[in-house]
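Visitor: Respectively, the protein sequence lines represent chains F and Y.
Everything in the first sequence is counted per the working numbering, starting at 1 for the first residue and increasing by one.
Everything in the second sequence is counted per the working numbering, starting at 138 for the first residue and increasing by one.
Quick caveat, the hints were computed from the structure, so don't treat them as lab data.
A few of these clues could be false.
Stated by the list, open to error - According to the in silico footprint, chain Y covers these stretches of chain F (three or more CB under 8 Å from chain Y):
id, segment
1, 4-13
2, 62-75
3, 80-94
4, 119-128
What the hints assert, rightly or not - DSSO-like, lysine-lysine: derived pairs with alpha carbons at most 27 Å apart:
id, chain 1, residue 1, chain 2, residue 2
5, F, Lys122, Y, Lys145
6, F, Lys67, Y, Lys204
7, Y, Lys243, F, Lys67
8, F, Lys121, Y, Lys270
9, F, Lys67, Y, Lys155
10, Y, Lys258, F, Lys133
11, F, Lys106, Y, Lys258
12, F, Lys133, Y, Lys243
13, Y, Lys243, F, Lys122
14, Y, Lys148, F, Lys67
15, F, Lys106, Y, Lys242
16, Y, Lys155, F, Lys121
17, Y, Lys259, F, Lys8
18, F, Lys63, Y, Lys243
19, F, Lys133, Y, Lys148
20, Y, Lys242, F, Lys121
21, F, Lys67, F, Lys44
22, F, Lys133, Y, Lys155
23, Y, Lys200, F, Lys133
24, F, Lys11, Y, Lys182
25, F, Lys122, Y, Lys182
Unchecked claim - With beta-carbon atoms standing in for the labels, derived distance ranges:
id, chain 1, residue 1, chain 2, residue 2, range
26, Y, Lys270, F, Ile137, 28 to 36 Å
27, Y, Ile151, F, Asn22, 36 to 44 Å
28, Y, Glu192, F, Ile137, 17 to 25 Å
29, F, Lys18, Y, Lys145, 39 to 47 Å
30, F, Lys18, Y, Glu158, 35 to 43 Å
31, F, Lys122, Y, Cys141, 41 to 49 Å
32, F, Glu88, Y, Ala271, 28 to 36 Å
33, Y, Glu158, F, Ser113, 25 to 33 Å
34, F, Arg118, Y, Pro152, 24 to 32 Å
35, Y, Glu191, F, Lys122, 31 to 39 Å
Note that the Cβ used here is the ideal one computed from N, Cα and C, for glycine as well.
There are 2 protein chains.
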Amino acid sequence: MENCIFCKIIKGEIPCYKVYENDMVLAFLDINPVNEGHVLVIPKKHHRDIFEIEEEYLCEVVKTAKKISLKMREYGIDGVNIFQANTEAGEQTVFHYHMHVIPRKKDDGINFSREMLRHLKKMDPDQFESMRKALEI
Amino acid sequence: MENCIFCKIIKGEIPCYKVYENDMVLAFLDINPVNEGHVLVIPKKHHRDIFEIEEEYLCEVVKTAKKISLKMREYGIDGVNIFQANTEAGEQTVFHYHMHVIPRKKDDGINFSREMLRHLKKMDPDQFESMRKALEI
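For reference, chain F alone in the conformation it holds in the complex (with noise of 0.2 Å):
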């Protein structure tokens, strides 16, 4: 697509510090790190989004960031993150998807917990009754 940046990285207009590719995924090394080391895997075709990725894509890209987890502990990590964000109110900010594969390291001193736990809800059985209703598949 054009004018996205992640499709430029993969056309090569961009570079990139790539650690895996193959036919249908690119993985690189993310340029403003939480932590040395993180990695961004993103499918070779542009899909904006967990809306819009087909499934082949999607597997290949959750495959792939349980590859880079695998080498990252041989590293020397000790866990990993994934995090991955769609749409700007889901604080999204490059429109190709992507999934962020984030090293850890003991008392590396992030807390993503604690976002999630500032922003708990309180809710009845019969909010939670009617909320499973809503989703349920």
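Once you've looked at the hints, dock chain Y against the given chain F.
Guide: Okay, now just chain Y, sitting in the frame of chain F:
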């Protein structure tokens, strides 16, 4: 696995607000929701984390996360975050692989980016290249 709360939910020994189930995965409301409708997707076979989960289960989990995201959008949410924690250092608290599907609303105040930006690491091209080589598959 004995004493695994998610295995007990799968076996029906502990109740849950189920939104989707097939042979391989189960999806249910998180009882500590970051936003109303926060869902967890888990493999029915016990796997500890991303390092351990078999590829076919991983694909089924992420395809289910997509299905649920689409259902959430139908319901009226504005965005979705996917979050997944591995090992204690990576803030995992239940040691049965699980993927969070967190519905987002415009201006809901949740801010994962802030937590990420707070920890950005400065790296020069040599450091990037050395990390790239270390993680290359």
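Visitor: Mind listing which of the numbered hints don't hold for this structure, in increasing order?
Guide: 1, 7, 8, 9, 10, 14, 15, 18, 24, 25, 26, 31
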